[in-house]
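S.K.: Residue-level listing of the chains:
There are 2 protein chains.
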Amino acid sequence: MNVEIITIGDELLIGQVIDTNSAWMAQELNKFGFYVYQRTAVGDSAAHIVKAINEAIKRVDIVLITGGLGPTKDDITKHTLCKYFKSKLVVNKVVLNDIKKMFKDRHRVVSPVNLKQAEVPDNCICIRNKNGTAPGMWFHHKNKIIVSMPGVPYEMKGMMTDGVLPRLKKTFITPHIVHSTILTQGIGESTLAEMIEKWEDALPPNMKLAYLPAPGMVRLRLTAIDHDKKIKGLAASQIKKLKPLISKYIYGEGDDNLPELIATLLVKKKKTLSLAESCTGGYISHLITSMPGCSAFYLGSVISYDNFIKERFLDVPAGVLKKHGAVSEETVTYMAKNIKKKFKTDYAIATSGVAGPSGGTDEKPVGLVWIGIATPTKVFAKKIQYGTDRMRNIHVFSQTALNMLRLEIESE
Amino acid sequence: MNVEIITIGDELLIGQVIDTNSAWMAQELNKFGFYVYQRTAVGDSAAHIVKAINEAIKRVDIVLITGGLGPTKDDITKHTLCKYFKSKLVVNKVVLNDIKKMFKDRHRVVSPVNLKQAEVPDNCICIRNKNGTAPGMWFHHKNKIIVSMPGVPYEMKGMMTDGVLPRLKKTFITPHIVHSTILTQGIGESTLAEMIEKWEDALPPNMKLAYLPAPGMVRLRLTAIDHDKKIKGLAASQIKKLKPLISKYIYGEGDDNLPELIATLLVKKKKTLSLAESCTGGYISHLITSMPGCSAFYLGSVISYDNFIKERFLDVPAGVLKKHGAVSEETVTYMAKNIKKKFKTDYAIATSGVAGPSGGTDEKPVGLVWIGIATPTKVFAKKIQYGTDRMRNIHVFSQTALNMLRLEIESE
Numbered sequence: 177m178n179v180e181i182i183t184i185g186d187e188l189l190i191g192q193v194i195d196t197n198s199a200w201m202a203q204e205l206n207k208f209g210f211y212v213y214q215r216t217a218v219g220d221s222a223a224h225i226v227k228a229i230n231e232a233i234k235r236v237d238i239v240l241i242t243g244g245l246g247p248t249k250d251d252i253t254k255h256t257l258c259k260y261f262k263s264k265l266v267v268n269k270v271v272l273n274d275i276k277k278m279f280k281d282r283h284r285v286v287s288p289v290n291l292k293q294a295e296v297p298d299n300c301i302c303i304r305n306k307n308g309t310a311p312g313m314w315f316h317h318k319n320k321i322i323v324s325m326p327g328v329p330y331e332m333k334g335m336m337t338d339g340v341l342p343r344l345k346k347t348f349i350t351p352h353i354v355h356s357t358i359l360t361q362g363i364g365e366s367t368l369a370e371m372i373e374k375w376e377d378a379l380p381p382n383m384k385l386a387y388l389p390a391p392g393m394v395r396l397r398l399t400a401i402d403h404d405k406k407i408k409g410l411a412a413s414q415i416k417k418l419k420p421l422i423s424k425y426i427y428g429e430g431d432d433n434l435p436e437l438i439a440t441l442l443v444k445k446k447k448t449l450s451l452a453e454s455c456t457g458g459y460i461s462h463l464i465t466s467m468p469g470c471s472a473f474y475l476g477s478v479i480s481y482d483n484f485i486k487e488r489f490l491d492v493p494a495g496v497l498k499k500h501g502a503v504s505e506e507t508v509t510y511m512a513k514n515i516k517k518k519f520k521t522d523y524a525i526a527t528s529g530v531a532g533p534s535g536g537t538d539e540k541p542v543g544l545v546w547i548g549i550a551t552p553t554k555v556f557a558k559k560i561q562y563g564t565d566r567m568r569n570i571h572v573f574s575q576t577a578l579n580m581l582r583l584e585i586e587s588e
Numbered sequence: 177m178n179v180e181i182i183t184i185g186d187e188l189l190i191g192q193v194i195d196t197n198s199a200w201m202a203q204e205l206n207k208f209g210f211y212v213y214q215r216t217a218v219g220d221s222a223a224h225i226v227k228a229i230n231e232a233i234k235r236v237d238i239v240l241i242t243g244g245l246g247p248t249k250d251d252i253t254k255h256t257l258c259k260y261f262k263s264k265l266v267v268n269k270v271v272l273n274d275i276k277k278m279f280k281d282r283h284r285v286v287s288p289v290n291l292k293q294a295e296v297p298d299n300c301i302c303i304r305n306k307n308g309t310a311p312g313m314w315f316h317h318k319n320k321i322i323v324s325m326p327g328v329p330y331e332m333k334g335m336m337t338d339g340v341l342p343r344l345k346k347t348f349i350t351p352h353i354v355h356s357t358i359l360t361q362g363i364g365e366s367t368l369a370e371m372i373e374k375w376e377d378a379l380p381p382n383m384k385l386a387y388l389p390a391p392g393m394v395r396l397r398l399t400a401i402d403h404d405k406k407i408k409g410l411a412a413s414q415i416k417k418l419k420p421l422i423s424k425y426i427y428g429e430g431d432d433n434l435p436e437l438i439a440t441l442l443v444k445k446k447k448t449l450s451l452a453e454s455c456t457g458g459y460i461s462h463l464i465t466s467m468p469g470c471s472a473f474y475l476g477s478v479i480s481y482d483n484f485i486k487e488r489f490l491d492v493p494a495g496v497l498k499k500h501g502a503v504s505e506e507t508v509t510y511m512a513k514n515i516k517k518k519f520k521t522d523y524a525i526a527t528s529g530v531a532g533p534s535g536g537t538d539e540k541p542v543g544l545v546w547i548g549i550a551t552p553t554k555v556f557a558k559k560i561q562y563g564t565d566r567m568r569n570i571h572v573f574s575q576t577a578l579n580m581l582r583l584e585i586e587s588e
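One line per chain: the protein sequences are W and X, in this order.
Residues in the first sequence are numbered from 177 upward in steps of one, following the numbering used here.
Residues in the second sequence are numbered from 177 upward in steps of one, following the numbering used here.
If you're looking for bench data, these hints aren't it; they were derived computationally from the structure.
A few of these clues could be false.
Remember, identical chains collapse to one label, so a pair may be satisfied in a single copy or spanning two.
Claimed, not checked - Pairs of lysine-lysine residues, derived as DSSO-like cross-links and limited to a Cα-Cα distance of at most 27 Å, are as follows:
(1) Lys498 - Lys446
(2) Lys446 - Lys518
(3) Lys424 - Lys280
(4) Lys513 - Lys444
(5) Lys277 - Lys558
(6) Lys318 - Lys234
(7) Lys558 - Lys540
(8) Lys269 - Lys333
(9) Lys318 - Lys227
(10) Lys540 - Lys277
(11) Lys384 - Lys259
(12) Lys280 - Lys559
(13) Lys559 - Lys513
(14) Lys259 - Lys269
(15) Lys234 - Lys320
Sequences are here, hints too, so could you generate the full structure?
M.R.: Encoded structure:
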């Protein structure tokens with residue numbers, strides 16, 4: 177089943193916003209056996225929106241529209257669709273209650289503009305929006321399906337996951353698609369490709385491998401498509417062959433992520449964690465505290481950006497800082513050991529490095545990081561050298577540190 | 177002059193790659209008075225590419241194509257265009273020399289596949305590529321201009337800047353386009369819309385306002401287009417009228433962001449900052465340390481996720497925690513005051529709240545945050561109630577806290 181994604185918004189055409197929605201939607205659609213044939217971005221103009229829909233329904237079976245559903249004047253998608261589908265706007269009571277409840281929960285007063293969001297075309301199926309005021313609208317038209325969703329990423333994502341994808345899946349018979357994802361850390365894309373070249377070349381035609389690199393990790397996604405449901409077992413046996421080839425770099429599968437894997441390990445062992453971050457500047461702590469329930473094992477951290485903090489609050493001896501510098505095995509070892517002791521945790525991570533883009537020296541270039549790990553029985557440190565991009569370094573340093581901790585806990 | 181950007185590549189349709197090229201191209205085109213009317217992404221299929229071009233030249237004057245110019249089998253753009261424009265491939269000597277020189281400079285041997293890149297359609301103008309082997313191709317066809325460029329971002333950017341944009345500017349007389357963006361914090365999109373309704377309704381037809389919401393902020397973008405260069409002054413005077421209507425919510429303009437505005441203020445005043453983060457879990461510290469050079473004013477923080485850390489390392493009295501709880505005016509006031517004193521900084525921010533999605537009570541529901549600010553002369557706190565999405569709350573709490581600090585420093 178072919179899909180076209182139409183993205184509405186002047187901000188996309190003047191380049192003020194990078195469209196990340198379409199990529200996410202395409203990935204989710206793929207998982208259910210829907211294929212994006214074309215993506216089209218148009219401005220906030222009724223005539224242009226209508227033209228785009230008319231062209232899209234000639235090309236595909238399903239048109240997914242995002243954007244232009246806000247309560248303000250520049251948002252014209254709803255009125256345009258209402259006219260296009262020859263409908264009139266009526267108040268949807270379920271949506272109205274959703275909006276009232278949302279404002280009540282936030283202790284805010286509902287304005288008339290907000291209430292207007294509950295008006296929807298009388299010939300559409302309403303898709304509820306748990307994260308905002310604009311409902312989604314699902315239309316049947318000339319044997320095609322046209323769905324309109326908000327452009328705000330988390331509103332669209334909630335709506336796709338809870339409303340649109342399940343309904344699409346119920347409507348169409350699609351082939352079996354199996355996505356198996358293996359997550360690796362500590363190895364580059366091209367080296368990985370060389371290590372698994374023979375395996376990849378021998379894949380049958382109904383299976384395809386994709387390399388999805390992100391800072392500090394590479395995901396390998398095997399996609400298998402077939403109308404025979406045996407495909408699931410066949411894909412699993414290919415994954416079974418793949419794993420031993422790169423086992424030392426694999427940290428998880430599917431939607432696993434390092435903070436969650438660590439959380440599971442620590443909660444199970446009833447152990448706790450603290451951090452002493454310098455160059456990563458709070459990013460590891462942010463990754464951990466992004467998880468609901470992290471307070472079960474995470475106590476907190478000291479972000480010792482300045483050496484004064486390292487010395488005074490993490491008890492790194494002044495002599496060590498002077499002799500070896502802040503970016504050194506000695507310093508991160510003290511940092512890890514002392515935060516663990518002070519915060520009375522079982523484990524600790526410490527980082528100190530040169531994130532860049534400047535501040536490097538011949539001896540300690542940009543991209544160099546020392547990572548220290550303290551466990552109930554030992555303290556050790558490792559150094560890694562990456563690139564020159566600051567944000568990328570912060571991400572890579574953090575993922576590497578988390579994986580070092582995971583490997584250590586798992587090996588115990 | 178209207179432009180359509182056609183992006184070619186299967187990777188865009190399965191969501192493997194986020195298209196950042198189009199946003200950059202749109203911004204650069206706008207600067208020269210060219211307006212992107214539509215963006216279209218299609219797969220690596222000759223029939224689909226031809227169809228997309230045929231449709232685009234009905235809509236716009238200029239079609240800019242990226243992608244599909246690599247040397248491998250799946251790159252079919254050049255052959256497709258060659259057939260479309262009824263041309264034949266000929267070796268372009270300038271391109272051939274560019275390729276040979278590039279390989280010589282990199283001490284690499286030129287392969288026959290690389291040399292083939294010098295073959296171009298005989299009826300196009302070649303655009304040189306200083307960053308890769310694939311030249312750009314500029315075609316005149318039915319009074320329209322069609323340009324094909326590589327999809328690799330830095331190759332495309334070099335080619336746009338040095339070749340395509342200067343040539344477009346020579347070819348067309350374009351209108352003046354002025355974008356003015358006002359950044360607001362602490363107010364929702366719909367309330368903002370109500371506050372400026374009269375002003376917005378009175379805008380002349382050559383000016384248009386857009387609301388661009390993001391967690392914790394709304395950007396207002398006024399776009400003015402006219403052939404008379406007076407438009408710049410007229411847009412400025414509209415912005416001048418807008419500002420007083422919402423002055424208390426405005427924190428910046430254009431590409432400003434809160435951490436950078438705070439950095440500028442603190443560096444200028446030679447003042448320093450520390451943080452005591454609980455519910456924001458290191459995110460404020462991450463926003464600050466994402467900026468190169470932040471060590472000029474930022475010393476570090478204590479992430480006091482557990483109450484033990486608040487009590488023991490931020491000296492929040494046990495009695496206060498017991499009586500008022502961690503999420504309280506009293507607790508964040510102690511946190512802000514004490515981190516400032518301990519870390520010997522001039523300013524401090526403290527946060528304590530319920531990020532969610534669970535953990536709320538009737539008295540302290542999910543989405544409630546207390547933010548404390550300590551300055552050289554005072555300490556104060558404010559509470560805000562937001563939604564139920566954990567990540568969004570973390571973002572909104574952080575932006576709100578940063579803006580509270582900025583307002584305080586600016587008011588001194």
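S.K.: Would you mind marking each hint as holding or not holding in the structure?
M.R.: Against the structure, the hints come out as follows:
1. When the C-alpha separation of lysine 498 and lysine 446 is checked against a cutoff of 27 Å, the pair qualifies only between copies, where the shortest distance is 25 Å, while the shortest distance within a copy is 38 Å.
2. Taking CA atoms no more than 27 Å apart as the test, lysine 446 paired with lysine 518 passes inside one copy only; the shortest distance there is 19 Å, against 32 Å between copies.
3. In this homomeric assembly, lysine 424 and lysine 280 come within 27 Å of each other (Cα to Cα) only across copies, at 25 Å, whereas the closest approach inside a single copy is 51 Å.
4. Taking the shortest alpha-carbon separations for lysine 513 and lysine 444, only the intra-copy value of 23 Å comes in at or below 27 Å, while the best inter-copy value is 37 Å.
5. In this assembly of identical chains, the alpha carbons of lysine 277 and lysine 558 lie at most 27 Å apart only when taken from different copies (24 Å versus 52 Å within one copy).
6. Within a single copy, lysine 318 and lysine 234 get their C-alpha atoms as close as 10 Å, and across copies as close as 25 Å, so both meet the 27 Å cut-off.
7. Taking the closest pair of Cα atoms, lysine 558 and lysine 540 come within 27 Å of each other only inside a single copy of the chain (14 Å); across copies the shortest separation is 43 Å, beyond that limit.
8. Proximity of lysine 269 and lysine 333 under a CA criterion of 27 Å is satisfied intra-copy only: 23 Å inside one chain copy versus 50 Å between copies.
9. When the C-alpha separation of lysine 318 and lysine 227 is checked against a cutoff of 27 Å, the pair qualifies both within a copy, at 16 Å, and between copies, at 22 Å.
10. For the homomeric pair lysine 540 and lysine 277, the shortest alpha-carbon distance between copies (17 Å) is at most 27 Å, but the shortest distance inside one copy (56 Å) is not.
11. Taking the shortest Cα distances, lysine 384 and lysine 259 sit within 27 Å of each other only across copies (23 Å), while inside one copy they are farther apart (42 Å).
12. Taking CA atoms no more than 27 Å apart as the test, lysine 280 paired with lysine 559 passes between copies only; the shortest distance there is 17 Å, against 52 Å inside one copy.
13. Proximity of lysine 559 to lysine 513 under the C-alpha cut-off of 27 Å is restricted to the intra-copy arrangement: shortest distance 17 Å within a copy versus 37 Å between copies.
14. Taking identical chains as interchangeable, the C-alpha atoms of lysine 259 and lysine 269 lie at most 27 Å apart only when both belong to the same chain, with a minimum of 22 Å there against 56 Å between chains.
15. For the homomeric pair lysine 234 and lysine 320, the shortest alpha-carbon distances inside one copy (9 Å) and between copies (25 Å) are both at most 27 Å.
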